[in-house]
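Engineer: One-letter residues, chain by chain:
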Amino acid sequence: MTELIHEADLDHAHPEHEGTGVEDRKLGMWLFLSSEFLFFGALISNYLLYSQRPGFEGVYPAEIYDIPFTSVSSFVLLMSSLTMVLAHNAQTREDANGARTWLFATAALGAVFLAGQVFEFTEFIVEFDMKLSTNPAASAFYLLTGFHGTHVAIGVIMLLSLWGISRRRGGLSDRQGLNLELVGLYWHFVDIIWIIIFTVVYLLSEPPV
Amino acid sequence: MSSPEHIHHPTPAQYWKIAVVLAVLTAVEVAIYYIHRDFDLGNFNTVLLIALAALKFVIVIGWYMHLRFENRMLSRFFTGGFILACALYTIILSALGAIALTR
Numbered sequence: 752m753t754e755l756i757h758e759a760d761l762d763h764a765h766p767e768h769e770g771t772g773v774e775d776r777k778l779g780m781w782l783f784l785s786s787e788f789l790f791f792g793a794l795i796s797n798y799l800l801y802s803q804r805p806g807f808e809g810v811y812p813a814e815i816y817d818i819p820f821t822s823v824s825s826f827v828l829l830m831s832s833l834t835m836v837l838a839h840n841a842q843t844r845e846d847a848n849g850a851r852t853w854l855f856a857t858a859a860l861g862a863v864f865l866a867g868q869v870f871e872f873t874e875f876i877v878e879f880d881m882k883l884s885t886n887p888a889a890s891a892f893y894l895l896t897g898f899h900g901t902h903v904a905i906g907v908i909m910l911l912s913l914w915g916i917s918r919r920r921g922g923l924s925d926r927q928g929l930n931l932e933l934v935g936l937y938w939h940f941v942d943i944i945w946i947i948i949f950t951v952v953y954l955l956s957e958p959p960v
Numbered sequence: 003m004s005s006p007e008h009i010h011h012p013t014p015a016q017y018w019k020i021a022v023v024l025a026v027l028t029a030v031e032v033a034i035y036y037i038h039r040d041f042d043l044g045n046f047n048t049v050l051l052i053a054l055a056a057l058k059f060v061i062v063i064g065w066y067m068h069l070r071f072e073n074r075m076l077s078r079f080f081t082g083g084f085i086l087a088c089a090l091y092t093i094i095l096s097a098l099g100a101i102a103l104t105r
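Protein chains in written order, with our numbering: chain X, 752 to 960; chain U, 3 to 105.
These are computed hints drawn from the structure, not numbers from a lab. From the three backbone atoms N, C-alpha and C, an ideal C-beta is built for every residue, glycine too. A portion of the hints provided could be inaccurate.
[Claimed, not checked] Per label pair, the in silico range of CB-to-CB distance:
#, chain 1, residue 1, chain 2, residue 2, range
1, U, Asn45, X, Ser924, 49 to 59 Å
2, X, Ser924, U, Ser96, 47 to 57 Å
3, X, Pro819, U, Gly82, 30 to 40 Å
4, X, Arg804, U, Asn45, 15 to 25 Å
5, X, Pro819, U, Ser96, 31 to 41 Å
6, X, Ile815, U, Met75, 23 to 33 Å
7, U, Cys88, X, Ile905, 38 to 48 Å
8, U, Pro12, X, Arg776, 40 to 50 Å
9, X, Asp925, U, Gly64, 18 to 28 Å
10, U, Arg70, X, Gly915, 38 to 48 Å
11, U, Thr81, X, Lys882, 37 to 47 Å
12, X, Ile876, U, Ile85, 15 to 25 Å
13, U, Gly44, X, Ile908, 29 to 39 Å
[Stated by the list, open to error] Partner residues are not named here, just some residues of chain X that face chain U (Cβ under 8 Å, in silico):
#, residue
14, Gly779
15, Leu784
16, Leu789
17, Leu794
18, Glu814
19, Ile815
20, Val827
21, Leu829
22, Val863
23, Leu865
24, Val869
25, Ser890
26, Leu894
27, Ile943
28, Ser956
29, Val960
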C-alpha cells in the first residue's frame with residue numbers, strides 16, 4: 752500500500768521549474784540534444800575534411816555509396832518518426848494499446864535501419880575492402896555513421912524498455928508517459944541528424960579529383 | 003509535458019500528411035542527386051539539396067518534436083545549440099581549409 756501511494760506521488764511529481772514553467776527533465780533533454788549538435792558537428796566536420804582530401808590509398812567512401820539502398824534506409828528512419836509521434840499522441844489520449852503498438856513499430860523500424868547499416872558496412876568491407884583503417888576518409892565515415900547507429904541502437908533499447916513496461920503494467924503512468932515524450936524527442940533528434948548526414952555525406956559528397 | 007489542454011498538437015491525420023510531405027521531399031532529394039549526376043547542375047545542386055534538407059529538418063523539429071507549440075525558451079536553447087555548432091565548425095573548416103591551401 753505504501754509503495755502504491757509512493758508510486759502515485761511519483762506519478763504526479765512533474766516538477767516544473769518556477770522560473771521557466773518547463774519540467775526539469777524535459778528542459779534537461781532539450782539541453783542535452785542541443786549539446787549533441789556540437790558532438791555530431793565535430794564528426795561531420797571531420798568527415799568533410801578528410802573525404803575531400805586527395806592522395807589517400809584505398810577506396811574513398813563517396814566512390815562506393817549505394818544511394819538507392821541508403822535512400823530506402825532514410826525513408827525507414829523518417830517513417831519511424833511518424834510512428835513515434837503517433838505513439839506519443841496515443842499516450843496523451845490514454846490509449847495504452849495504441850501507444851504500445853506504435854512504440855513497437857518505431858523500435859522495429861529502428862531495427863530495420865540498423866540492419867541496413869550493418870549490411871552496408873559489411874558490403875563496404877567485404878566487397879570494396881574499405882576498412883576502418885584503410886584511410887582517414889574511411890575512418891571518418893565509419894566514425895560518423897557508426898556513432899549515429901549507436902544512437903539509434905540506444906533509442907531502440909529505450910523504446911523496447913517502455914514497450915515492455917507498458918505491456919507488463921497494462922499502460923504507462925503519467926511519469927512514464929513523460930519518459931515516452933523524452934524518448935520521442937531523442938528519437939526525432941536522431942532522425943534530424945540523419946537528415947543532415949544523408950544530404951551532406953551521401954548526396955553531396957564526391958571523391959576528390 | 004506542457005499541459006495538453008492548453009496546446010493544440012496536430013492530429014494523427016495531420017501527422018500522416020506531414021510524413022507524406024517528408025517522404026516526397028526525400029524522393030525529390032534523390033531525384034536531384036541523379037539529375038545532377040547526368041546533367042551537372044553545378045552549385046545549384048548543393049543549394050537545392052541543403053534547402054530541402056533544411057526544410058525536412060524544420061518540419062521534424064516544428065511538428066514532430068512540437069517545438070513550435072512549446073515554451074519559447076526551449077526553442078532558444080535548441081536553435082542556440084544548433085547555431086553555435088554551425089558557427090563553430092564553419093570557422094574550424096574555413097581555418098583548416100585555409101591552412102591546407104598554404105601547404
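Engineer: Each of the hints needs a verdict: does it hold here or not?
Structural biologist: The hints, checked one at a time:
Range check, Asn45(U) to Ser924(X): Cβ separation about 53 Å, and the 49 to 59 Å hint holds. Taken as a hint, the range 47 to 57 Å holds for the pair Ser924(X) and Ser96(U), whose Cβ atoms sit roughly 50 Å apart. At about 37 Å, the beta-carbon gap between Pro819(X) and Gly82(U) stays in the expected band of 30 to 40 Å. Between Arg804(X) and Asn45(U) the Cβ separation comes to about 21 Å, which falls inside the hinted range of 15 to 25 Å.
At about 34 Å, the CB distance of Pro819(X) to Ser96(U) agrees with the hint of 31 to 41 Å. Remark: the range hint 23 to 33 Å for Ile815(X) to Met75(U) is contradicted by a beta-carbon distance near 45 Å. Between Cys88(U) and Ile905(X), the C-beta spacing of about 25 Å breaks the proposed range 38 to 48 Å. The supplied range of 40 to 50 Å is broken by Pro12(U) and Arg776(X), whose beta-carbon atoms lie about 23 Å from each other.
With their beta carbons about 26 Å apart, Asp925(X) and Gly64(U) fall inside the hinted range of 18 to 28 Å. Range check, Arg70(U) to Gly915(X): Cβ separation about 32 Å, and the 38 to 48 Å hint is violated. The hinted range of 37 to 47 Å is satisfied by Thr81(U) and Lys882(X), whose Cβ atoms lie roughly 38 Å apart. A hinted range of 15 to 25 Å is violated for the C-beta pair Ile876(X) and Ile85(U), which are about 37 Å apart.
A hinted range of 29 to 39 Å for the beta carbons of Gly44(U) and Ile908(X) is inconsistent with their spacing of about 44 Å. The criterion of a C-beta within 8 Å of any C-beta in chain U is not met by Gly779(X), whose closest approach is roughly 11 Å, and the hint is violated. Interface hint at Leu784(X): satisfied, since its Cβ lies 7 Å from the closest Cβ of chain U, which is below the 8 Å cut-off. About 5 Å separates the beta-carbon of Leu789(X) from the nearest beta-carbon of chain U, less than 8 Å, and the hint is met.
The restraint placing Leu794(X) at the interface with chain U is violated, with a minimum CB-CB distance near 10 Å, outside the 8 Å limit. Contact between Glu814(X) and chain U, as hinted, is not supported at the beta carbon level, the nearest pair being about 13 Å apart and thus beyond 8 Å. At about 15 Å, the closest approach between the beta carbon of Ile815(X) and any beta carbon in chain U exceeds 8 Å, and the interface hint on this residue is violated. The interface hint given for Val827(X) is violated, since its Cβ lies 11 Å from the closest Cβ of chain U, which is over the 8 Å cut-off.
Interface restraint check for Leu829(X): the shortest CB-CB distance to chain U comes to about 5 Å, inside 8 Å, so the restraint holds. With a cut of 8 Å, the hint placing Val863(X) at the interface with chain U is violated, because the nearest CB-to-CB distance is about 16 Å. Annotation: interface hint on Leu865(X) violated; nearest CB of chain U at approximately 19 Å, more than 8 Å. Look at Val869(X): its Cβ only gets to about 22 Å from chain U, farther than 8 Å, so that hint breaks.
For Ser890(X), the interface hint is violated, since its Cβ never comes within 8 Å of a Cβ in chain U; the closest pair sits about 17 Å apart. Below 8 Å, beta-carbon pairs count as interface contacts, and Leu894(X) has none with chain U, the closest being about 15 Å; its hint is therefore violated. Using the Cβ-Cβ criterion of 8 Å, the hint placing Ile943(X) at the interface with chain U is satisfied: the shortest such distance is roughly 5 Å. Because the beta carbon of Ser956(X) sits about 11 Å from the nearest beta carbon in chain U, more than 8 Å, this interface hint is broken.
Using the Cβ-Cβ criterion of 8 Å, the hint placing Val960(X) at the interface with chain U is not satisfied: the shortest such distance is roughly 14 Å.
Hint compliance for this structure: hints 6, 7, 8, 10, 12, 13, 14, 17, 18, 19, 20, 22, 23, 24, 25, 26, 28 and 29 are not met, and every other hint is.
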